[in-house]
Amino acid sequence: MVQLLSTEGTLQTDDTAAEYLPYIEALSDDVLRQFYRDMVITRRFDLEATNLQRQGQLALWPPSHGQEAAQVGSARAARAQDHLFPSYREHAIALIRGVDIVDIVRLMRGVTNGGWDPAECGNFHLYTLVLGSQALHATGYAMGITLDGETGTGDLETDSAVMAYFGDGATSQGDVSEALVFAASFNAPEVFFLQNNQWAISVPVRVQSRTPLYLRAGGFGMPGVQIDGNDVLASYAVTRKNLDEARSGQGPRLIEALTYRIGAHTTSDDPTKYRLDAETASWVAKDPITRYVSYLRGRGEGDDFFAASATEAEDFSADLRRRTLELVAPSTDLIFDNVYSEPHPVMDVQKKWLADYEASLGGTA
Amino acid sequence: MTEELPLAKALNAGLRKALADDPKVLLMGEDIGPLGGVFRVTEGLQAEFGERRVFDTPLAESGIIGTAIGLAFRGYRPVCEIQFDGFIFPGFDQITSQLAKMTSRHEGRVIMPVVVRVPYGGHIGAVEHHQESPEAYFAHTPGLRVVSPSTPNDAYWMIQEAIASDDPVMFFEPKSRYWSKGPVNFSASPSPLHASRVVRTGTEVTLVGHGAMVTVLMQAAELAQNEGTSIEVIDLRSLSPIDYAPIIASVQKTGRLVVASEAPGSVSISAEIAATVTETAFYSLEAPVLRVSSFDTPFPPAKLETVFLPDADRILEAVDRALAY
Amino acid sequence: MPTASSRPSTALSPTSFCTNCTRKGIIVTSSEFTLPDVGEGLTEAEIVAWKVKPGDEVTINQVLVEIETAKSLVELPSPFAGTVTAILVAEGQTVDVGTPIISVSSGVDDAAPALGGTEIVAETVDSASLQSSDTGSAVLVGYGIKGHVASRRSRAATGKAAAASTSPTHIASGIAASAPEVAPRPSSVPAASASPVIAKPPIRKLAKDLAVNLSEVTPTGLAGEITREDVVRQASQGTLFRNIETPAWGSDREERIPVKGVRKAIATAMVSSAFSAPHVSLFVDVDATRTMEFVRRLKDSTDFAGVKVSPLLIVAKAMIWAVRRNPTVNAQWTDTEIIVKHYVNFGIAAATPRGLIVPNIKEAQELSLHQLASAIGQLTITARDGKTSPAEQAGGTITVTNIGVFGMDTGTPILNPGEVAILALGTIRQKPWVVDGEVRARFVTTLGASFDHRVVDGDVASRFLADVASIIEEPALLLD
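Residue numbers (the working numbering), protein chains in the order written: chain A, 6 to 370; chain B, 150 to 474; chain C, 67 to 546.
Among the clues, some could well be false.
[Said to hold, decoys possible] Here are some chain C residues pointing at chain A (derived, C-beta under 8 Å):
1) 102
2) 104
3) 105
4) 106
5) 124
6) 127
7) 136
8) 137
9) 138
10) 143
11) 149
12) 219
13) 450
[Unchecked claim] Think about it this way: if two alpha-carbon atoms lie no more than 30 Å apart in a straight line, the pair counts; the simulated BS3-like pairs of lysine-lysine are:
14) 137(C) - 119(C)
15) 407(C) - 428(C)
16) 274(C) - 402(B)
17) 497(C) - 428(C)
18) 402(B) - 266(C)
19) 402(B) - 271(C)
20) 453(C) - 271(C)
21) 166(B) - 357(A)
22) 137(C) - 278(A)
23) 453(C) - 428(C)
24) 266(C) - 291(A)
25) 365(C) - 271(C)
26) 365(C) - 274(C)
27) 330(C) - 266(C)
28) 428(C) - 374(C)
29) 330(B) - 166(B)
30) 497(C) - 274(C)
31) 497(C) - 365(C)
32) 137(C) - 117(C)
33) 356(A) - 250(B)
34) 250(B) - 357(A)
35) 137(C) - 330(C)
36) 266(C) - 365(C)
37) 357(A) - 266(C)
38) 266(C) - 374(C)
39) 407(C) - 374(C)
40) 453(C) - 374(C)
Calculated directly from the structure, the hints in this document are not laboratory data. We treat Cβ as the ideally placed atom computed from N, Cα and C, and that holds for glycine.
Take these sequences, add in the hints, and give me the full structure.
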């Protein structure tokens with residue numbers, strides 16, 4: 006397991022870490038601070054969204070609490086031209102790539118089945134609620150990049166790569182295996198980022214796999230590496246390296262980020278029914294933000310910075326709350342529009358029928 | 150310019166034209182490259198257009214459809230081949246949960262110009278899973294378009310029109326007709342992609358079907374003619390959406406409708422047509438709409454397929470019942 | 067302001083609403099937090115432990131209460147900032163999703179939730195819950211499954227009813243416009259449609275059973291459809307033995323039919339009748355609309371369900387009644403005496419494949435309307451089957467011949483030998499008639515009758531025919 010930052014927040018010095026440290030040394034102080042702000046804002050709005058659900062404003066919310074480092078590090082490692090294919094818990098990545106957090110809320114509230122335009126949000130694709138399906142879409146996209154010749158030219162600034170995100174549960178889905186097969190066979194410029202948060206709702210990862218998940222990569226003919234997913238520096242460095250290798254024509258690879266889903270699967274779930282508090286507590290002790298605070302303090306960051314970040318997170322969340330309460334219901338046109346790209350007689354007929362039917366009912370002025 | 154071609158060759162010509170006309174068109178599937186497909190529909194195309202444009206995939210239907218979706222995101226127009234009708238089901242989730250819903254989920258910001266070609270139907274004496282008629286599952290899925298040509302001419306034109314569509318199209322090819330020859334007019338498309346068509350005029354009973362069934366309907370009509378009964382035959386061509394206008398006009402003339410298909414009858418496309426025509430042309434009906442279908446059982450061993458699948462006699466039995474009202 | 071939506075207020079609404087507040091939210095007096103569905107389809111929860119009490123200051127997201135749902139123990143964070151004014155549900159109580167559980171008075175600050183948002187959420191929930199309610203099966207995530215809709219949404223009286231009367235089929239509107247069956251119901255009776263014939267399957271079957279050609283029937287249904295009555299009316303007037311095609315002459319120059327059997331008998335009877343009794347014929351046109359209505363009501367009556375009811379039945383009853391008032395028309399001439407019969411053996415001329423026969427119903431004066439109908443029906447069937455016996459043809463006292471079934475207006479019938487009166491019933495069809503000074507379409511028929519002038523003079527003949535006509539005009543006179 007690759008770890009650059011210990012649980013206490015000190016940089017590791019072993020050989021494995023040494024291989025990746027140059028990626029960290031290349032980062033400015035501002036970037037390192039940005040990692041913190043990303044994580045803190047994410048955790049704060051994640052809590053706010055959970056509260057909003059408990060107040061009846063959202064149908065459900067899948068919390069990302071505990072997985073901030075895995076997501077922030079890998080997201081910051083991606084380049085602007087890269088395409089990212091998430092599952093449904095990668096809120097930090099969404100934010101980093103430019104998705105308006107309210108658009109994720111709209112999805113969880115039942116106002117939209119999508120929420121944003123990937124082309125305007127750093128190529129961060131829509132959430133996919135069928136587990137693992139996005140792995141194939143990502144692979145197909147990567148195949149397309151290869152066909153276009155926009156990868157493997159040797160220019161890291163312009164060559165494209167694709168990152169597919171999924172969890173430990175999804176690795177059991179056939180689509181994920183098929184994606185790995187296709188990626189290997191077509192030498193796709195793709196990184197498979199596996200957030201192993203130890204649980205698929207109530208089923209522990211040992212039921213998904215009898216071997217560490219990163220070892221599967223070798224079975225499919227590609228490199229695999231396991232990292233401490235709660236270490237934002239490792240997450241950044243390892244992802245950066247793998248993405249650049251992928252975009253250099255070296256083919257697909259897999260990163261397994263060991264992390265923990267501190268919260269429930271979604272707000273409908275009750276982890277107390279299947280998990281021990283002691284286990285959760287042990288992972289809280291390895292919290293990604295706590296160790297990073299130690300790291301930054303060690304680098305001289307003072308209370309002012311942390312207080313400002315906390316305020317920023319509070320303001321961000323208050324704004325989320327305000328804008329969530331302002332959301333309006335979608336028009337019924339949403340049912341019919343855009344089901345097809347080209348005109349379709351059934352859509353026209355049924356849309357008109359609904360309009361006539363609604364008009365025929367007694368109702369409000 | 151017209152040429153007599155088998156349906157498989159007409160498809161080949163249509164695919165060739167599509168590949169030549171648009172560099173974004175790709176063909177992908179199992180064994181479609183050097184082998185040219187198990188039915189030779191893609192014969193010679195990889196040699197002509199190269200491995201970038203026409204390529205073999207790993208043996209994974211879900212993978213084929215899923216990566217095609219990714220390629221569509223990237224701006225390509227993938228034409229997937231599913232080797233046999235019975236093997237479409239591993240890809241069913243990607244087709245129904247993803248391909249069909251992607252444009253709607255993106256609120257119109259992306260198009261999914263993916264064609265899924267599926268050889269389907271019986272009458273080839275094959276083993277299990279190689280003679281299915283699963284069109285209804287896809288006609289029942291909003292977001293997809295479903296078509297099936299019955300002649301080489303339709304095959305040549307409809308495959309190109311399906312590829313040109315910005316929507317996902319399930320393209321069902323009647324494999325028992327792959328080697329039947331017919332004239333292909335290279336100059337002009339016969340009809341819009343989703344138009345149904347009267348292929349034989351008559352006055353007493355209307356027969357409706359698609360794909361390989363159209364040939365059987367024509368046989369039945371010919372036999373009925375000898376008995377003095379005038380039958381009108383309509384080729385559906387499109388299963389979703391269905392072009393009802395010619396069917397309604399025909400029923401207003403004949404008052405009797407029989408719908409035939411190879412698929413089992415319960416909860417089928419024929420049932421949908423019966424319900425819609427009954428509702429729309431109620432006062433024109435002299436008899437209830439009758440369906441001629443295969444039985445509600447799995448496709449039996451091939452030695453029983455001629456009993457299982459509707460033939461001209463079964464169709465005429467229904468015609469007689471309709472006329473008895 | 068609380069939402070002005072007409073949709074039924076939902077017990078499912080997880081929103082809060084403000085009372086007595088202005089749009090700008092300057093002063094908000096009280097907000098209620100209603101129990102939300104916290105777990106994708108939960109319907110209720112138990113209040114386990116309150117963490118605040120009235121008078122406490124609370125901030126947004128501060129934990130207010132612990133609740134227990136079917137799935138888990140959940141803490142609810144406050145949506146409001148302000149002072150707790152009332153705890154609305156006690157610990158230990160289980161309440162439905164949507165029940166107000168606590169009220170908090172909010173201050174001026176922007177912590178107060180925007181009204182527009184909450185109202186709209188209510189609207190969303192309403193429409194969602196309306197769809198999911200009574201079925202119990204469609205669970206929309208987050209909004210619970212408990213139905214609450216107590217009443218059906220009202221329908222507008224007119225206007226859009228036409229469009230809403232069809233189901234959302236796949237048919238493009240282009241087709242709907244051309245098919246008559248999809249047109250909205252017109253308010254007036256339409257003229258007979260050229261084509262196609264509009265008739266529902268049961269009517270088509272009835273027409274087939276009665277051998278009625280639907281294309282010849284005048285429809286009177288509101289939407290232009292042929293009704294059951296239309297078919298029956300046509301059947302009672304239509305011919306039973308109409309030529310279907312024009313037969314070819316064949317190659318022979320002449321066809322020679324031997325005079326024998328029934329043909330010879332008919333000829334003999336006609337000659338004896340026509341050239342012994344001096345025939346006089348009278349005619350009267352009569353408005354038969356009320357008879358047609360009466361026939362229709364009898365047909366709809368369960369009492370007459372088993373028998374064929376037609377205008378001929380009423381004419382028969384009328385003739386029997388008229389005979390009582392004019393007995394000499396029900397008589398027989400012999401050279402020495404006129405035998406006036408005090409019974410009626412009612413004859414009905416029947417065209418059969420073998421020729422004309424006149425079976426009669428014995429003692430018809432004793433029969434009720436129902437029995438008479440039954441007897442006529444039986445007589446007709448027997449005649450059609452060619453099984454009428456000589457006894458059934460003998461002893462008739464008066465006869466009716468129904469030439470209306472052939473579409474004839476009237477005629478000059480020849481007396482059945484041994485009788486002195488015969489009435490010809492013509493076709494009953496709609497014609498212009500003057501009613502209350504206005505020209506109206508009424509069912510009109512011509513009654514024609516021939517009499518033996520040796521027995522019946524003009525005045526008796528006229529009175530008899532007028533009596534029959536008066537019944538046809540007003541069947542209620544039979545109650546006499």
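Going down the list of hints, with the structure as the test:
no.	hint	verdict
1	102	holds (3 Å)
2	104	holds (6 Å)
3	105	holds (4 Å)
4	106	holds (4 Å)
5	124	violated (13 Å)
6	127	holds (5 Å)
7	136	violated (10 Å)
8	137	holds (5 Å)
9	138	holds (3 Å)
10	143	holds (4 Å)
11	149	violated (18 Å)
12	219	holds (5 Å)
13	450	violated (52 Å)
14	137(C) - 119(C)	holds (26 Å)
15	407(C) - 428(C)	holds (12 Å)
16	274(C) - 402(B)	holds (19 Å)
17	497(C) - 428(C)	violated (36 Å)
18	402(B) - 266(C)	holds (16 Å)
19	402(B) - 271(C)	holds (19 Å)
20	453(C) - 271(C)	holds (28 Å)
21	166(B) - 357(A)	violated (39 Å)
22	137(C) - 278(A)	holds (9 Å)
23	453(C) - 428(C)	holds (17 Å)
24	266(C) - 291(A)	violated (77 Å)
25	365(C) - 271(C)	holds (17 Å)
26	365(C) - 274(C)	holds (18 Å)
27	330(C) - 266(C)	violated (47 Å)
28	428(C) - 374(C)	holds (19 Å)
29	330(B) - 166(B)	holds (19 Å)
30	497(C) - 274(C)	holds (27 Å)
31	497(C) - 365(C)	holds (23 Å)
32	137(C) - 117(C)	holds (21 Å)
33	356(A) - 250(B)	holds (18 Å)
34	250(B) - 357(A)	holds (21 Å)
35	137(C) - 330(C)	violated (99 Å)
36	266(C) - 365(C)	holds (19 Å)
37	357(A) - 266(C)	holds (28 Å)
38	266(C) - 374(C)	holds (22 Å)
39	407(C) - 374(C)	holds (28 Å)
40	453(C) - 374(C)	holds (20 Å)
Checked against the numbered hints above, the structure violates hints 5, 7, 11, 13, 17, 21, 24, 27, 35; every other hint is satisfied.
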